[in-house]
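Undergrad: This is what each chain is made of:
2 protein chains.
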Amino acid sequence: MSRFETPSDTATGNLVDLLLGGLPAEAVLTDPDVTAAYANDMASFCPAGSPAVVVLPRTVEQVQHVMRTATALRVPVVPQGARTGLSGAANASDGCIVLSLTKMDRILEINPVDRIAVAEPGVINAALSRAVGEHGLYYPPDPSSWEMCTIGGNIGTASGGLCCVKYGVTAEYVLGLDVVLADGRLMSTGRRTAKGVAGYDLTRLFVGSEGSLGIVVGAVLGLRPKPPEQLVLAAEFASAAAACDAVCRIMEGGHVPSLLELMDRTTVKAVNAMAQMGLPESTEALLLAAFDTTAPAADLAAVGALCEAAGATQVVPADDVAESELLLQARRLSLTALEAVKGVTMIDDVCVPRSRLAEMLEGVDRIAEKYRLTIGVVAHAGDGNTHPTVCFDPADPDESRRARESFDEIMALGLELGGTITGEHGVGVLKKEWLAREIGPVGMEMQRAVKQAFDPLNILNPGKLF
Amino acid sequence: MSRFETPSDTATGNLVDLLLGGLPAEAVLTDPDVTAAYANDMASFCPAGSPAVVVLPRTVEQVQHVMRTATALRVPVVPQGARTGLSGAANASDGCIVLSLTKMDRILEINPVDRIAVAEPGVINAALSRAVGEHGLYYPPDPSSWEMCTIGGNIGTASGGLCCVKYGVTAEYVLGLDVVLADGRLMSTGRRTAKGVAGYDLTRLFVGSEGSLGIVVGAVLGLRPKPPEQLVLAAEFASAAAACDAVCRIMEGGHVPSLLELMDRTTVKAVNAMAQMGLPESTEALLLAAFDTTAPAADLAAVGALCEAAGATQVVPADDVAESELLLQARRLSLTALEAVKGVTMIDDVCVPRSRLAEMLEGVDRIAEKYRLTIGVVAHAGDGNTHPTVCFDPADPDESRRARESFDEIMALGLELGGTITGEHGVGVLKKEWLAREIGPVGMEMQRAVKQAFDPLNILNPGKLF
Chain C
1 MSRFETPSDT
11 ATGNLVDLLL
21 GGLPAEAVLT
31 DPDVTAAYAN
41 DMASFCPAGS
51 PAVVVLPRTV
61 EQVQHVMRTA
71 TALRVPVVPQ
81 GARTGLSGAA
91 NASDGCIVLS
101 LTKMDRILEI
111 NPVDRIAVAE
121 PGVINAALSR
131 AVGEHGLYYP
141 PDPSSWEMCT
151 IGGNIGTASG
161 GLCCVKYGVT
171 AEYVLGLDVV
181 LADGRLMSTG
191 RRTAKGVAGY
201 DLTRLFVGSE
211 GSLGIVVGAV
221 LGLRPKPPEQ
231 LVLAAEFASA
241 AAACDAVCRI
251 MEGGHVPSLL
261 ELMDRTTVKA
271 VNAMAQMGLP
281 ESTEALLLAA
291 FDTTAPAADL
301 AAVGALCEAA
311 GATQVVPADD
321 VAESELLLQA
331 RRLSLTALEA
341 VKGVTMIDDV
351 CVPRSRLAEM
361 LEGVDRIAEK
371 YRLTIGVVAH
381 AGDGNTHPTV
391 CFDPADPDES
401 RRARESFDEI
411 MALGLELGGT
421 ITGEHGVGVL
431 KKEWLAREIG
441 PVGMEMQRAV
451 KQAFDPLNIL
461 NPGKLF
Chain Y
1 MSRFETPSDT
11 ATGNLVDLLL
21 GGLPAEAVLT
31 DPDVTAAYAN
41 DMASFCPAGS
51 PAVVVLPRTV
61 EQVQHVMRTA
71 TALRVPVVPQ
81 GARTGLSGAA
91 NASDGCIVLS
101 LTKMDRILEI
111 NPVDRIAVAE
121 PGVINAALSR
131 AVGEHGLYYP
141 PDPSSWEMCT
151 IGGNIGTASG
161 GLCCVKYGVT
171 AEYVLGLDVV
181 LADGRLMSTG
191 RRTAKGVAGY
201 DLTRLFVGSE
211 GSLGIVVGAV
221 LGLRPKPPEQ
231 LVLAAEFASA
241 AAACDAVCRI
251 MEGGHVPSLL
261 ELMDRTTVKA
271 VNAMAQMGLP
281 ESTEALLLAA
291 FDTTAPAADL
301 AAVGALCEAA
311 GATQVVPADD
321 VAESELLLQA
331 RRLSLTALEA
341 VKGVTMIDDV
351 CVPRSRLAEM
361 LEGVDRIAEK
371 YRLTIGVVAH
381 AGDGNTHPTV
391 CFDPADPDES
401 RRARESFDEI
411 MALGLELGGT
421 ITGEHGVGVL
431 KKEWLAREIG
441 PVGMEMQRAV
451 KQAFDPLNIL
461 NPGKLF
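Each protein sequence line maps, in turn, to chains C and Y.
So the first sequence is numbered by UniProt numbering: it starts at 1 and just counts up by one.
So the second sequence is numbered by UniProt numbering: it starts at 1 and just counts up by one.
Because the hints were derived from the structure by calculation, they are not lab data.
Treat each hint with caution, since some may be false.
Cross-link-like lysine-lysine pairs, in silico, BS3-like; alpha carbons within 27 Å at most [said to hold, decoys possible]: (1) Lys166(C) with Lys226(Y); (2) Lys226(C) with Lys451(Y); (3) Lys432(C) with Lys451(Y).
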């Protein structure tokens, strides 16, 4: 040891030397200015530490080497995709190895007969969607970050999107996984077949486990035939309750929309302020419904009638795909517009039974008033999955405190209404104190037992989820 | 102890006394003639022991009492539904408590807005299907035994059915569970909401776990809107390979049939022999396709054309629901007809990628010839899920041995083709030696670690799966 090195420098030096034994030099980043850029995902209010090193493996063997090294030295490993997550699950901890899977970005197979794709974890969601689209196939999961986020990140966070109301979430499309375990061994789960029930469903256990059970290094993904382009209807309501009533009527009526989104008054105003979209300022809630069926106009007519029966003040069905895209613009701009209100937003992700959606929106209104905050709600209304988005100025400590408190109160409300603290963003760091409230002590004990079974040394993304 | 009692009698007496402390007398069966009737499910070649006692709880608390008693005395517990399973997963072991959930048969809730039902485990699949049907809803999983089998059994075995090609398997419809753990504690998993990702997905871990991780005492089930009645097309082929080619063309063509079933030559002959259905004896394979869309005739026409392109010798689309039912009769009678060939059958359940279906059928033909056996294949062809059904005379030891050997060779073939040893029937006793071959040593170790986490005393259905 040179007298200028601290013990901690030596430990890191040793770690880096060992990593370089199985990784090329360009795959091991140690410059603190560079590694600092890997500290955070996109969540607010989530502390992050400084990684000791960032590794960018390109092969399964390299990932195995990283995990063997981490196990040997008892160093925590934080797996990362594109760091677009919203719960801090990908945030670094002090002295950790950040294991970025972004360089493992090959699509290995697309099979239109078996309707599967085999992909490495670093493949961008949009790249996969486009590639399978060329074969007439469709990979439904479409989180808002789909142009940036990775399949591995989607699997780690069990992410959702706009299409879930018809097509379900990421979990439904993961048939099998290759996983590097904490000690570096490789395990395959699941199958390439349409069905399969051999043993416990470890595949689904990994989906949404936020890198805390193993490192996903490959996935067999289920695909669907590409549906027709969807046609969109917009409906304006004079109250959020009426819009929620329309949602209930649509779902109770047996309709299967490919999208059913709601924007509240605050969100509509924010979008108007930013983009001059000419949405009536009197709009208390805007509902967007879409169908990708063979006869979407008939579906839109039926749903439009239900919206009117629920009190819609205006119903605008699109005539074609171009008009549909225009109607969706308002929804697409929502989060950016809400960010513009105060500079920063904190996006919640509470899912309630859709029959309780109106109570949820009413409650969020009450909470916004109580804490003197602007909280806009955009919701995957068909799923009851709300994103109450708290706008605040981070330079104002009092407002920041109120933002955090309102956020928690929104989760409490969701639980009270029979919902969950997270519909699609995950627990990460942001909601780990809330997990126990939802799951209860017995559930927590069994969750920890599962963690212990896969990661006895607690080196896989420690401090997340629990 | 009276001098006429053996130590084992005393142990059983003690067990029964303790059980009676929390169960009414009529819920505790000890008459060996009665308990013997609970020894087996419907699998062939699976040994079963003699239960010490059969309990029939009606409440969650009673199940908790049973599990606390079992834990205190270290007595194995074998949970049972209707015992229609085909892998021996519900077979009793010597001295066990058979825990029959059949008396917990209440449908607690049906909610058309949230599209969920809440049910106890003993509800019969058909009873649930009919009850939700009255609300315009649809519970898709439809194993052949649907008129007898229970929802709890379906969850335990992750069962499938004819509808899976469009609607997926039981696992897709289980949103949340109430589970009594080995030590009697109650745990809730999952959610009532359309989406939810709070913590590890323990719900899916229980689906297909064959009662080896906990006792399911309640389930939140996802429902769909009831689709239109399906219209069926039958297509005859001069070779199994041509029928499989048609299956590939249909799936590659982006079609979404609600049913896509295949019967091979042997099965067609058996059905003809039993029911004089007038199927041409020259038929080498019969394909049945159905659509439950809004315009099924157009779908049938498109699929009929693909069948003809693949070499179908005859294509018969049904004009209405009654004709459709007639066409499905042959499929419905298949297993009974194959049973009639030799008195007993052994039904395999190998699922391969559908692109390998032709190779699978060809291989089964080869195996039948090698072992001088009649093996009929019915297949959920759209899923690549084959049920090679070995017909044999159990009074003939040599034929029985050949039947067992051919069964194993069929599983080996499935694995070789990239498939799984079980698409929907589960592992149970029947296939436990094969699980390791499919999953490999690392997978087996992690499967066992999960089992250990939930059932450290190994009292939950021991000897199944592993």
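Undergrad: For Lys432(C) and Lys451(Y), compute the direct alpha-carbon distance and say whether it is at most 27 Å.
TA: Judged against 27 Å, a Cα distance of about 25 Å means the pair holds.
Undergrad: Is the Cα-Cα distance between Lys226(C) and Lys451(Y) 27 Å or less?
TA: Violated, at about 40 Å.
Undergrad: CA of Lys166(C) to CA of Lys226(Y), is that 27 Å or under?
TA: Holds - the C-alpha atoms of Lys226(Y) and Lys166(C) are around 15 Å apart, at most 27 Å.
When each numbered hint is compared with the structure, a violation occurs for hint 2 only.
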